[in-house]
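Engineer: Those sequence lines, one after another, are chains A, B and C. The opening residue of the first sequence carries number 1 in UniProt numbering; numbering runs sequentially from there. The opening residue of the second sequence carries number 1 in UniProt numbering; numbering runs sequentially from there. The opening residue of the third sequence carries number 1 in UniProt numbering; numbering runs sequentially from there.
Keep in mind that the hints were calculated from the coordinates and are not lab data. All of these numbers come straight from a predicted model, not from anything done at the bench. Take the hints with a grain of salt, since some may be wrong.
Identical copies look the same in the list; a pair holds intra-copy or inter-copy alike.
Simulated crosslink set (BS3-like; lysine-lysine; CA at most 30 Å straight-line) [unchecked claim]:
id : residue 1 : residue 2
1  : K520      : K387
2  : K166      : K86
3  : K390      : K560
4  : K509      : K28
5  : K404      : K279
6  : K619      : K509
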Amino acid sequence: MEELLYGAAYYDEYMPYERLDKDISMMKKAGINVIRIAESTWSTEEPEEGVFDFSHVTKVLDACEREGLYVIVGTPTYAIPAWMAKAYPEVMVTDRSGRRPYGARQIMDITHPAYRFFAERIIRRLMEAVAGYRCVIGFQLDNETKHFGTSSENVQQMFVRHMRKKYEGDLDRFNHDFGLDYWSNRINSWEEFPSVAGTINGSLGCEFEKFQRQLVTDFLKRQAEIVGEYKRADQFITHNFDFAWKGYSYGVQPDVDHFKAAEAVTIAGCDIYHPSQDKLTGKEIAFGGDLTRSLKKNNYFLIETEAQGFPEWTPYEGQLRLQAFSHLASGADSVMYWHWHSIHNACETYWKGLLSHDFEENAVYREACRIGGQFRELSPSLLHLKKENKAAIMVSNEALTALKWFPFPGNGANRTDYNDVVRWIYDALYEMNIECDFVSTQEEELSRYDVLFVPALYSAQEDCLKRIRDFAEQGGCVIATFKTAFTDENVKVRTQVQPYLLRDCFGVKYHQFTAPSGVKLAGDSFALTEEERNAELFMELLETEDAQVVSGYDHYAWKKYAAVTRKDFGKGLGIYFGCMTSPAYLKALLASLWKEKGWWTWKQEIPSPLVIREGTNGKGKRITYYLNYSGEAKACACGGSGRELFSQKAVTEGEILTVAPWDLLIVEA
Amino acid sequence: MEELLYGAAYYDEYMPYERLDKDISMMKKAGINVIRIAESTWSTEEPEEGVFDFSHVTKVLDACEREGLYVIVGTPTYAIPAWMAKAYPEVMVTDRSGRRPYGARQIMDITHPAYRFFAERIIRRLMEAVAGYRCVIGFQLDNETKHFGTSSENVQQMFVRHMRKKYEGDLDRFNHDFGLDYWSNRINSWEEFPSVAGTINGSLGCEFEKFQRQLVTDFLKRQAEIVGEYKRADQFITHNFDFAWKGYSYGVQPDVDHFKAAEAVTIAGCDIYHPSQDKLTGKEIAFGGDLTRSLKKNNYFLIETEAQGFPEWTPYEGQLRLQAFSHLASGADSVMYWHWHSIHNACETYWKGLLSHDFEENAVYREACRIGGQFRELSPSLLHLKKENKAAIMVSNEALTALKWFPFPGNGANRTDYNDVVRWIYDALYEMNIECDFVSTQEEELSRYDVLFVPALYSAQEDCLKRIRDFAEQGGCVIATFKTAFTDENVKVRTQVQPYLLRDCFGVKYHQFTAPSGVKLAGDSFALTEEERNAELFMELLETEDAQVVSGYDHYAWKKYAAVTRKDFGKGLGIYFGCMTSPAYLKALLASLWKEKGWWTWKQEIPSPLVIREGTNGKGKRITYYLNYSGEAKACACGGSGRELFSQKAVTEGEILTVAPWDLLIVEA
Amino acid sequence: MEELLYGAAYYDEYMPYERLDKDISMMKKAGINVIRIAESTWSTEEPEEGVFDFSHVTKVLDACEREGLYVIVGTPTYAIPAWMAKAYPEVMVTDRSGRRPYGARQIMDITHPAYRFFAERIIRRLMEAVAGYRCVIGFQLDNETKHFGTSSENVQQMFVRHMRKKYEGDLDRFNHDFGLDYWSNRINSWEEFPSVAGTINGSLGCEFEKFQRQLVTDFLKRQAEIVGEYKRADQFITHNFDFAWKGYSYGVQPDVDHFKAAEAVTIAGCDIYHPSQDKLTGKEIAFGGDLTRSLKKNNYFLIETEAQGFPEWTPYEGQLRLQAFSHLASGADSVMYWHWHSIHNACETYWKGLLSHDFEENAVYREACRIGGQFRELSPSLLHLKKENKAAIMVSNEALTALKWFPFPGNGANRTDYNDVVRWIYDALYEMNIECDFVSTQEEELSRYDVLFVPALYSAQEDCLKRIRDFAEQGGCVIATFKTAFTDENVKVRTQVQPYLLRDCFGVKYHQFTAPSGVKLAGDSFALTEEERNAELFMELLETEDAQVVSGYDHYAWKKYAAVTRKDFGKGLGIYFGCMTSPAYLKALLASLWKEKGWWTWKQEIPSPLVIREGTNGKGKRITYYLNYSGEAKACACGGSGRELFSQKAVTEGEILTVAPWDLLIVEA
């Protein structure tokens, strides 16, 4: 598309009374130019097995064709009709808790042939029904697809076939690689391979979850093939990826390998939900955006985000607009709300859309009107924002899952996990206005970056570790943390001295580790408070070989060990964190490094919560966003001369810019 | 009965050795004149299928007939014998967790034909066995009957038949009313109606729970029919209703519609258990009593309450007596303990009776002797206390259930629910010595009241809302809270501007709401502390149309919205709370209103924990209770001249009365 | 054995590569002279049903025979191979949650004939395979055997047969003893006896758990019979008993009757895991050691303890050595680690052995080398330490289980239980350097002791209570707590005045009890702080008959009742705690008593965390351990003259000894 998309999900099927014309009229007033339809409405599209009725879909398409709205059509496959569950109860997913009862969406077995048969048929019929419409600009495959924990007998058998093939039938190698002699778990014939539902072997458990993630990729690729048979060349295929959820979009998705699954689509898409009101920071918008942009190294669609959302998320004045432009600042080419109106029934009644249940204009709708107008006006400057970041964070589903099976010390539901380590790094960068990309463990082009962050890469293949080592040797700066390289791709602890293969890169080794209790970081010169010097979460007892100690442990029992180290390695640099630290410590270390390396710019001088995001637009001009994530006006020196886009006034470098509460400025150089 | 009943549950069946004569002798010494027997002892009454043995029952009846004790005979149907579960395992209830194993009471399927067959037979045999006894003054149907979550296949089918009949087979209307198109839940033939066990559609979930409550009503009515075939005209039928349990009797019972189920009995009964020692306030005694009295708008039986209760409830000296008279002050005609002696085995070993396990006289028994003597002496003055309250609180099972499916923001097991909103209001009135009735949403005679409180009436039929509106228009004062009128009887959000149908009554509307975070109430003149001005739980962003703002929101983002409003409407008044407030705020507002309206009396001048409860006795005389719910003596001015009943001394209006710790005075005017 | 054993569990089966020679070489360097092998490796020993391969076992035995290491061979029966679960799924245990899936160890039904058949066969084949080896010094039966909650239909039927036999078919007596009339639980034919899985009758529940414990004893005795057919006279049989687990070895094991099960072995063994670093106190080492030593009234084997353990247990320098000698100080004849190396896979990856995953020498291994050398050197002085303690604590599985069914007031997972009461007493003695034994409720030789502690003996047979009473009458001092004697052996509350049968021994009675809330202990002269005077957990309202009140309750409602009493009874003394108190109160009372009785010695003058443990060695000499459980050097006066064993220097009574941080001295008199 050559214009910014501004839109919402729309369900004519759910309307309590006929509203289509009125809704389209209100959308156009708000500058909305795209709606997303059809996903999740299978039971209206196929009310009986084999009986099809796309009248809701075509009615909306007719109106959009007439009124000039774009439409994204979603395949409806993530919510199955009651008739299917009644006639074929085996399509309901069986997870660790047993077979799930009918009711919710996303609880079918995505591998089951019966489900796959019906899914393919409804997709084909839908594609046929929408084929003639010019307003249809693209398709969304399913929605937030996952494996839903499927582990029924058929899936267990698929897994055994998968492992048998992977090991070419070699059981001895398999038993060895997965350490199955332990506790008599040895398998001596493929036929006696037990269900992994009860396994206490984390290697096997992680392998099964990797296999489950592959099921998602396969499912999406198959949907892409089907849709591909029908779509026009100008139509895109996308998917609505979502993130690990901690009450909001938080981190790397454990149940999908986004990098692999993104191969199924022509443009990546995602949904991002985040805290609001006083808790609005923009971090999730940036995190989810940077990650989704990294999937295909290109712009992406923001397919869903909150309008009013939960009651506690009702936005303050200005926040909806600040959020919308923040998405663009990450490289989104669209901002779409879930959803146009608020649902009157069922479990999402309090996940509110742009309109409340009364369909009246309200404060949020009025703010959307302002956003829509500015999107239309500024589209030529803001579309297709490109980034050339010098920092990247390597993320890994395998490490995430392995650290779920082998968690950090600590108890309870709120215990620190892999994503907390990732966010510890990401959030520090965000607060320092250092933009970054994400890379997968398969990434071959690390040399594009100056700095590579490697948080807790607990499980990794040897070639990935080699690429990290090479990156440093050839001039890059690697900043890795505790737990990195500890286990192989089968989550079996390496038998060599740790950190495996990176020992010379960082100039450290360790034989032991513990959990910090009353341990401070010593010997740093970062001028931190006592509390900011806490060693946190986990501590490796690092022995330096030829590294420089940045900080040791301030504790009588551990004072001979290093906590944070650095070493010049080849043409590059290796920095290693043996423990987690406070955000303040991490930021102080990065500031020191950035200054030393000459990477420190005016953006790092800007104090949070004023956020700077940059890129180059389609015209090759530099776009700089000044985003004020606070309820007070903030002033800062302008980073470069140009034109402020809302006011259309010229600004000069060094000029003091004032950004109103929950507001923003955009400067085009 | 024309005398106060004072009694206890008695189980000859459970006695470790023969004690009947000794027990009756001790009872008579304590002034106990009634015992409740037979419920829960099915396995002794019918040791084998079809073999009956009522010897325990008749032995006790013979003794009571001889010794002059009254007896209430309970049907034993709430605890089934082991033989039934063994031979007919299908009688065990299937709830969301599956079929329950045999062991506890109250875990059979009350709809199952096999259970119903055996229940009817044992009731008939029992009725025949006790038919000749004059000492039997009445019958209790079952005990604390509920539906026990029954949701087996047969109950699902009953529900489908029920809905099919209700909708006269019209599936389109049904799908529309329950919003089943959402997430493909649409049902296109009655045969494919899925079990609601997994539903995510709260409308359907609430309807099913309403249906389950109807099963309880039907069950009790059927028992009443059977008992009715045998009972004499002078014998009553009652039931032991219990309340929502939060570690004690707390609020409206979610699983029974008390108003409807009470139609099965000739006199309502209930049990009330409450915190003790320093946590004894009398609130639960008053709440449960006011609610039970309201069921049939008449006096009621207090059928069970704690004697010693749990270890942490062991009463301080004086508390047992204070409690006993407090029940009478609510309109109870009986006070009966659960139970006479403490059980030596099983799960209620630490729910202790009047006697401990050693059957000796103890401090609590000795206090009971004092109570029993005073009951007998004062019975003519205290029996049949009648009330004419000017305030009423409207309560609703439907609203309660709907707010369970659609809870207030917040997390965890202790999150605020419907009953907390009800108790927020009830407790404020109690602390102000304002007595009230409860009314159901079906109540047609609201005009008896000056004030009607409507807490969080989240789901309501249109005619109920109209009656509320009419009540205000014709001169009543309606005080309603947030969430009222939000959804229809199917728990589908109204599509009109809120508060639906009451918008002109209160002179407000709102399109949005949120959860308060650091929000205070502004603009009131109630002289409250900072903390007492907190907006709590939920806040609607009220826009006044022609209401007066009592308080706005003190927060920069919400300052243009109203929090609490009032409007003269017709001949009456509408007060609306857009948020929950501190008890102090609520009481301050009510005090202001009471003074304005001229309802303020000497009773409101009495500070808590001195509690005043009043009524008119059978002789037409005013009875005033002065209840001291504290460990310190309290003094107050006498509210009216008369005779203090314990001392038999005359008192005069304005005279200073001193009430000893955990003690009371009663003045008969 | 006539030398101290120092060793580790060793699994050639789990090695990622061939390491046997290297490992034995490292062991010998560390002074390790014994390894434990073969348990849990069934799947390598019998890879297919009926196909046996003991090559790993014999390979290790060959090397040990050659290199002079001792070996303990464990039967592998606690972890079943996958083929067994696949072919005979019925061997998996069915507990309250249903049938457990294959994966973990210790989840088979130990009563199932199929499992028993295979277990017997693998034991016999293993015994044959290891028969010729001189290095095999003994056998371990299974490991940490328990019943795993087995409650399948076959176990239910065994239980019914057991009860039927116990009651000689007398159902009336059975119903009476278990109070089954309550809630219609009466059983009128043995055939209709329901599964106890759902019972609410704690008497029945406790009886079933006692029956389950008997299954464990029977299982171990049967294994002992089989092993006994093969073993040489010089070979021992042991078992690895473990304790109630609260994140570490905490208290009396609920699922095994250690005293009865120990009859199956020739020498008792156990594992002890405990907090470390700043939380290391030595309490668990002493508690577990004293209890295991008491099982057979003899020395015992410490079969497993932590080397590095969990990350949070990584020992400070000196701690591993302090721990090792502390085990000897309790009477252990061995110290063995779980395990030699750290496992690279599965659920115990972070339960680390002496070696880390890299098999390198590390700080803990180097400390083990020091320990091993000193063990070898001091073995003649430290082996077979004997104790003659004057205090004993009576412990009871029956009381423990009964107090699980009838818990103390309070909520949540951390609520105080039986073991907390036991540890309240044990820990006070430990901190006072008063050593003690444990005795079972069957103990006939109480007269060996001066003092008998009876914590919360909630369920007890009459003859046990009589023995306690006799002990006091004949001159002993009984110190019993609340809840003692409350129920009979069927967990049915006694119908007599409490404390049953001990009323005259203590000179108190009570009819009521409550939970303390703001209650202090009054009237003591122990100079305690306000907080140390709290009444805790549970309080009986004691009425003294002829006892002396040590402390009353400081609360207006309970001030007439006693809290702690003492009475001279016969030639002895009865002290009764009606409530739990602070450790400070308990220790103050004991100090007072010890001084009064003349039991107070120099050891009680030594302040915690300096711990004194004593005994007599094989040469008849007194051995005194001075253990410093702190990170600071501690000084104290030497308790008796002799030779300090590490320094081989003479010490004299009264001389000031200084013990380094986490270090110890040993004096041989």
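Engineer: Now, for every hint given, state plainly whether the structure supports it.
Structural biologist: Hints, one by one, checked against the model:
For the identical chains of this complex, K520 and K387 are neighbours neither inside a copy (38 Å) nor across copies (44 Å), given an alpha-carbon limit of 30 Å. In the homo-oligomer, the alpha carbons of K166 and K86 lie at most 30 Å apart only across protomers (23 Å), although the nearest pairing inside one protomer, at 37 Å, exceeds that limit. Neither within a single protomer nor between protomers do K390 and K560 lie at most 30 Å apart by alpha-carbon distance, with minima of 35 Å and 46 Å respectively. For a Cα distance limit of 30 Å, the shortest separation of K509 from K28 across copies, 26 Å, qualifies, whereas the shortest one inside one copy, 63 Å, does not.
In this homomeric assembly, K404 and K279 come within 30 Å of each other (Cα to Cα) both inside a single copy, at 27 Å, and across copies, at 27 Å. Taking identical chains as interchangeable, the C-alpha atoms of K619 and K509 are never at most 30 Å apart, the minima being 50 Å within one chain and 48 Å between chains.
The structure does not agree with the numbered hints 1, 3, 6 stated previously, though it agrees with the rest.
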